[in-house]
Amino acid sequence: MQILVIGLAMLTSAVFASSVFAIEYGGFGGRPAYPRADNPRTESIFVHTLEPGDVQEEGVLTVNNSAERKTMLVYAVDSTPSTGGAFACAQKSETPKDVGAWITLEKGEVTLEPGTNELVPFTIRVPQNASVGEHNGCIVMQEKKEPVKGQSGASLSFRTGLRVAITIPGELERKLEIVGFTVTKKDDGSFLLHPLVKNLGNVSIDADAQVITSYFFGLTHITHGGQYPILRGDISDWNFELKKPFWGGWYRSSFVAEYDANPEAGVGVKSGKTLTRLEGPSVWFWSFPTPVALAIEVIVLLVLAFGGFLFWLSQKRKRWIKENWVFYEIKSGEDIKSLAERFDVSWKLLARVNKLKPPYALKTGQKIKVPPTK
Amino acid sequence: MHKLIRKLLGKLNIAIALTLAMVMAGGLGGATYVLASSTSNFTQTINAGTLVVDIVDGTSYVTVGSPTMAMSAATFSFACQTKTGSFGTASESIYVSNPDAADNGWAVSLAGTATSSVWASAGTDFDFNDGGGSGCTDTVDAQDTDAVGGQMTVDPSVGTLAIGQCASCVTTNVTKGSSDAFNAVTGPVNTITILTGAAASDDIGDWKLTGVSISQKIPAEQPAASDYNINMVLSIAAS
Chain X
1 MQILVIGLAM LTSAVFASSV FAIEYGGFGG RPAYPRADNP RTESIFVHTL EPGDVQEEGV
61 LTVNNSAERK TMLVYAVDST PSTGGAFACA QKSETPKDVG AWITLEKGEV TLEPGTNELV
121 PFTIRVPQNA SVGEHNGCIV MQEKKEPVKG QSGASLSFRT GLRVAITIPG ELERKLEIVG
181 FTVTKKDDGS FLLHPLVKNL GNVSIDADAQ VITSYFFGLT HITHGGQYPI LRGDISDWNF
241 ELKKPFWGGW YRSSFVAEYD ANPEAGVGVK SGKTLTRLEG PSVWFWSFPT PVALAIEVIV
301 LLVLAFGGFL FWLSQKRKRW IKENWVFYEI KSGEDIKSLA ERFDVSWKLL ARVNKLKPPY
361 ALKTGQKIKV PPTK
Chain E
375 MHKLIRKLLG KLNIAIALTL AMVMAGGLGG ATYVLASSTS NFTQTINAGT LVVDIVDGTS
435 YVTVGSPTMA MSAATFSFAC QTKTGSFGTA SESIYVSNPD AADNGWAVSL AGTATSSVWA
495 SAGTDFDFND GGGSGCTDTV DAQDTDAVGG QMTVDPSVGT LAIGQCASCV TTNVTKGSSD
555 AFNAVTGPVN TITILTGAAA SDDIGDWKLT GVSISQKIPA EQPAASDYNI NMVLSIAAS
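So the protein sequences, as listed, match chains X and E. So for the first sequence, the numbering used here puts the first residue at 1; every next one is plus one. So for the second sequence, the numbering used here puts the first residue at 375; every next one is plus one.
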């Protein structure tokens, strides 16, 4: 009996003990090891303001949340402009010349068991000749893979990069310029809203780029956009997709960009002062209604047209009555019904034209309007 | 009385056996148990998440072991030809997961492992980033050191973006990149943006992209071979 109980208890405990350990997100990568409370942005990227010659100790927490043992290459590279002005990290094959060259990692390779992490310290040494302004680079985590031989097609490797933004103090310029805005119709009837903004300064700027699409009479239909970093010297552009508007008609899209031009602002730091607002061009465009909307619109138009026709007809008849009906003096024994029969007209029309009220009694000698006799 | 004592001792044995079993099983399972008080302490570990880009099965979200970008088959031609393909399918979706690791935005980009990368085969290679002769001939330039022509164009804007496993997430503030061609000389265009997440995109979310259009210019008289291969890198960067 005791053996059975022990056996059952061991089995139950072993099963439940191994199924409630951890929630895992999957994948591998890294995070800044020392985020600072004064800048929430440092939870995602590395942000420092350093003078030429400064040395900064930092660290990246490499994480393996996949279900397999992973060997990761950890390396520093410069940033590179990607199309659309998006932030990207240069390839390992490219020799770093900027921030990538300023960073020395304690190790270039880590092997992590599933669900584990390891801190990789690194040092940033800013050269004496570093120019004023913002310099960007990346700490990259890439799975170490042996090249597959004999495979045809494009083989893919994956990597995660964390931006390293180093600002060298001095005369920092924060200036943006809207360089264009287009609206392109796609084959499926949707529209591509494509604004372009250029950074004329020497630091990156977090800009709030918004495309506001309005109906013909000015009411807002939809707003696209968000806050995006625009790197120094780059032109950023975005493709906001406007689904084919249900009702169709004329629409107007306008581009607006807001940013903090004050020198106190920085990467992840707001000055708290008034933002600079740039207003770009507006583009009018026509969208054909969807089939359902078109059917509804045709029905409504037909109803309106028919209603208009009826109204026009009634107005025409009113005018004809006003111009052609003649006064008639009521004789003894005549009532509205007999008059209607005599003049071949409905008694209701007679009552309406003469503004008679129930019980529609007529007095002898009273004059009312009646249709002309043929 | 003796009977009662025997019964109690028997029950005590069972309790001791259960306790021992728990401790032993806990040791085997790698768990730690605290048996000190009448209140239970449940422990739960949530590992720090990281920003990830991957190719997964669009239904099961299982990582695809050796993902490829398949191109339509080409036949030998005396003229320069363009072949198309699709990057991201239902069974091989481009997948982005942001488990609160990049609150201020991110960008996914595609690049060759080096500007000197080529579609390599045992025979003659052709290029992916040479804009010479509209992508059909070789440009002699220090930035494009290989001596072959060919150019790849990537158009993410025609792709289909959808939310992943996070049912409450939205695709708002996640935008697809514009169509562009790799070009080692003019631009240069070494990295093409596939997706961009604005600061206002979901801090905790996942998205999948399918149907990114790929077209490749193949120079005239390119020898037939079945093993043309190129290594590309899909990166995600927190910005």
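Because the hints were derived from the structure by calculation, they are not lab data. C-beta: ideal position from N, C-alpha, C; glycine also. Treat each hint with caution, since some may be false.
[Said to hold, decoys possible] Pulled a few chain X residues facing chain E out of the computed Cβ check, cut under 10 Å:
no.: 1; residue: Arg159
no.: 2; residue: Lys186
no.: 3; residue: Leu192
Here is how each hint holds up against the structure:
| no. | hint | in the structure |
| --- | --- | --- |
| 1 | Arg159 | 5 Å, holds |
| 2 | Lys186 | 8 Å, holds |
| 3 | Leu192 | 6 Å, holds |
Checked against the numbered hints given earlier, the structure satisfies every one of them.
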